[in-house]
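Visitor: Those protein sequences? They're chains Y and R, same order as listed. The first sequence maps to residues 1 to 313 in my numbering. The second sequence maps to residues 1 to 338 in my numbering.
Among these hints, one or two may not hold up.
Claimed, not checked - Capping the alpha-carbon separation at 25 angstroms, the derived lysine to any residue pairs in SDA-like fashion look like this:
#1 K220/R to I238/Y
#2 K160/Y to E295/R
#3 K220/R to L189/R
#4 K197/R to V189/Y
#5 K163/Y to K220/R
#6 K220/R to D205/Y
#7 K163/Y to L296/R
#8 K160/Y to K220/R
#9 K82/Y to T291/Y
#10 K220/R to Y28/Y
#11 K220/R to L246/R
#12 K160/Y to L296/R
#13 K163/Y to L175/R
#14 K62/Y to L77/Y
#15 K218/Y to N233/Y
#16 K220/R to V189/Y
#17 K220/R to R309/Y
#18 K62/Y to A297/R
#19 K220/R to Y296/Y
#20 K163/Y to R42/R
#21 K160/Y to P247/R
#22 K178/Y to L246/R
#23 K178/Y to F314/R
#24 K197/R to L21/Y
#25 K197/R to F24/Y
#26 K220/R to V22/Y
#27 K197/R to P33/Y
#28 K197/R to Y28/Y
#29 K197/R to Q35/Y
#30 K197/R to L175/R
#31 K160/Y to F314/R
#32 K62/Y to A12/Y
#33 K197/R to V22/Y
#34 K178/Y to G191/Y
#35 K178/Y to A297/R
#36 K160/Y to R298/R
#37 K160/Y to G51/R
#38 K160/Y to V189/Y
I should point out that these hints are in silico values taken from the structure, not numbers from a laboratory.
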Amino acid sequence: MLRYIIRRLLYALLILVSVSLVTFVLFYASSSPQQVARRNLSAKNPTPQQIEEWIHQHGYDKPRWQQFQEHMSQLFLLRFGKSDANGEDIWERIGSGAPASLLLATIAFFGSLLVTISLALAIASFRGTYIDGWGTFLCVLMMSIVYLVYIIAGQFLLGKLLKIFPLAGYQSGVQAWKFVMLPAVVSIVGGLGATVRLYRTFFLDEINQDYVRTARAKGVSEWAILFRHVLKNAAIPILTTTAAAIPTLFLGSLLGESFFNIPGLGSYLRDAIDSQDFAVVRAMVFLGTITTIIGYLLTDISYTLVDPRVRLE
Amino acid sequence: MTTLFPLLQNVLPLVIVALVVWVVVHARQQPLWAEAYRRLARNPLAMMALGVICLYGLITVLDSLQWRDTTTEEPKTVLDRLFAHVPQERTYSAPLATMTTGEPQLHAVQGWHLLGTDGNGKDVLYQALKGCRTAMIIGGFTSLLVTPLALLFGMSAGYFGRRVDDAVQYTYTVLSSIPDILLLIALLLVFGHGLDKLCYALGITSWVGLCRLVRGETLKHREREYVRAARALGVSPLRILARHILPNLLPLVIISITLGFSGLVLAESILSYLGIGVEAGTGSWGNMIDAARLELAREPVVWWNLAAASTALFLIVLAFNLFGDALRDALDPRLRST
Numbered sequence: 001m002l003r004y005i006i007r008r009l010l011y012a013l014l015i016l017v018s019v020s021l022v023t024f025v026l027f028y029a030s031s032s033p034q035q036v037a038r039r040n041l042s043a044k045n046p047t048p049q050q051i052e053e054w055i056h057q058h059g060y061d062k063p064r065w066q067q068f069q070e071h072m073s074q075l076f077l078l079r080f081g082k083s084d085a086n087g088e089d090i091w092e093r094i095g096s097g098a099p100a101s102l103l104l105a106t107i108a109f110f111g112s113l114l115v116t117i118s119l120a121l122a123i124a125s126f127r128g129t130y131i132d133g134w135g136t137f138l139c140v141l142m143m144s145i146v147y148l149v150y151i152i153a154g155q156f157l158l159g160k161l162l163k164i165f166p167l168a169g170y171q172s173g174v175q176a177w178k179f180v181m182l183p184a185v186v187s188i189v190g191g192l193g194a195t196v197r198l199y200r201t202f203f204l205d206e207i208n209q210d211y212v213r214t215a216r217a218k219g220v221s222e223w224a225i226l227f228r229h230v231l232k233n234a235a236i237p238i239l240t241t242t243a244a245a246i247p248t249l250f251l252g253s254l255l256g257e258s259f260f261n262i263p264g265l266g267s268y269l270r271d272a273i274d275s276q277d278f279a280v281v282r283a284m285v286f287l288g289t290i291t292t293i294i295g296y297l298l299t300d301i302s303y304t305l306v307d308p309r310v311r312l313e
Numbered sequence: 001m002t003t004l005f006p007l008l009q010n011v012l013p014l015v016i017v018a019l020v021v022w023v024v025v026h027a028r029q030q031p032l033w034a035e036a037y038r039r040l041a042r043n044p045l046a047m048m049a050l051g052v053i054c055l056y057g058l059i060t061v062l063d064s065l066q067w068r069d070t071t072t073e074e075p076k077t078v079l080d081r082l083f084a085h086v087p088q089e090r091t092y093s094a095p096l097a098t099m100t101t102g103e104p105q106l107h108a109v110q111g112w113h114l115l116g117t118d119g120n121g122k123d124v125l126y127q128a129l130k131g132c133r134t135a136m137i138i139g140g141f142t143s144l145l146v147t148p149l150a151l152l153f154g155m156s157a158g159y160f161g162r163r164v165d166d167a168v169q170y171t172y173t174v175l176s177s178i179p180d181i182l183l184l185i186a187l188l189l190v191f192g193h194g195l196d197k198l199c200y201a202l203g204i205t206s207w208v209g210l211c212r213l214v215r216g217e218t219l220k221h222r223e224r225e226y227v228r229a230a231r232a233l234g235v236s237p238l239r240i241l242a243r244h245i246l247p248n249l250l251p252l253v254i255i256s257i258t259l260g261f262s263g264l265v266l267a268e269s270i271l272s273y274l275g276i277g278v279e280a281g282t283g284s285w286g287n288m289i290d291a292a293r294l295e296l297a298r299e300p301v302v303w304w305n306l307a308a309a310s311t312a313l314f315l316i317v318l319a320f321n322l323f324g325d326a327l328r329d330a331l332d333p334r335l336r337s338t
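Chain Y on its own, in the form it takes in the complex:
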């Protein structure tokens, strides 16, 4: 187990460096230091001298390879430094953006897990009936609607007509949950169709197993079968699919946040990309990759907790 984790971590290190290299190459392919300097200098018409100075200050005049090495060593020490655009401390900005992202992502993540699993279990318990057929068809209908329509419809219905939630924006403190509810609801409903349909097949795979028939023959109630046996055994495939959502817990949803003007980490990253703020982009991509890798690792480890038969080699 320990050897497995160590080997995985070493591989993760390689992936981390490679992702940073890809970011680095993509950045220099899309813009030059001169462009970045011109965008980020406060003066309207900077003189060539000012630009040179800015580039020198931020270390973008060194040889590319040396730059990359320096970036990497700083990133691995978690010293993200200051934003290229406004000199803001990146850690501070992450600290102020994280609560909003975390709140939104946690509600969306656990809310969606709860709703999809119960709906899928309900549909699976009606397997072979009209309810099952129409439920599955409804799922296909729902997954064919583009996410944008969910956002617009959610804002229009819940925000404008019923006035339950504010349309967009954010306010920290006690009021925060109000602003986060609409994006969370939209994200739960938007992902509902595809996920419920997928989980339904996971449950059906288990329901058709021999042990379920045995349990039923021994007179175990249908509820106990569904919750005690089927749900537990379907946990592995479900865990695998939820792993992909774990990074969003930290990074925030890039799309959701920018659509609803929530100043979380997702919109921070998007703004940084828009303003070619390389210091922020590389720090956020680095953190995002770390969380992705940790997410996958945690998933693999949690297999052993759910299923004692799984041994990690």
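Based on these hints, arrange chain R on the given structure of chain Y.
Guide: Okay, now just chain R, sitting in the frame of chain Y:
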């Protein structure tokens, strides 16, 4: 490629349609496919979905066949010519309305607009139909780019294993460790905007899934008896891959392309909405939905733009989802969703 694409853009839909027709005709001669075809033909939902796909294909072809207009010297497609007589209004007008809306002084509408007009007075039906071609090119061209790539890498990783497998796995792990949307934004910044660039960027993010699938399947087939027999008889690896393993992977690949198509169309609309999709002037449902967001806040509410674009998008995505499911049921009984 950049200079070639405008020309290619109009030939492309025709090529894709021809390719699909060739595959269908060719495939019917084989027992597995003929059986699948019979199953599909018995499934009314699948046939309806196929009908919708064909309709969209037809509109795409109509919007791709073009020749120079004698008066303006501008190339115009068949679709443009069909709508040439629809007059332009001053501003918004509701579907089939006789008066415009949303301006202080209302004016009479000059033409007949089934789905109303947008803020610039353009016919919404025409705009929505213009979106077809963009969506079909995004889905079709990207699949055309991705499939050979994913097959090549996936099959060689699965079959040769060791170093090759390590390299391929490493490549897609790196790519999938970057959030998709982030990678797309970065790639589009590098490539620039445009329909072709969007296809390349979507190709880079979407080959990973298919490659993983192909690799896994090849791993399974590598140890099957028919492959071992071929190896024992001294058949070269290339020939084993091309003549023995590839035909067995094809059903799975075709199913996943069909199901992936809808994902690509959806991605295009989201990216256009974010302002990094196709350039202005190219018909796009994402751009229409983007504009509609502000229109809902107007008084009276302008809903027809949103309704037209999202319905057009919904129908094609639904059709591909349903048809993909039916295809899976028909081609691979083992994969059948219970």
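Visitor: Which hints from the list above does the structure break, by number from lowest to highest?
Guide: 3, 4, 5, 8, 10, 13, 16, 18, 20, 21, 22, 23, 26, 32 and 37
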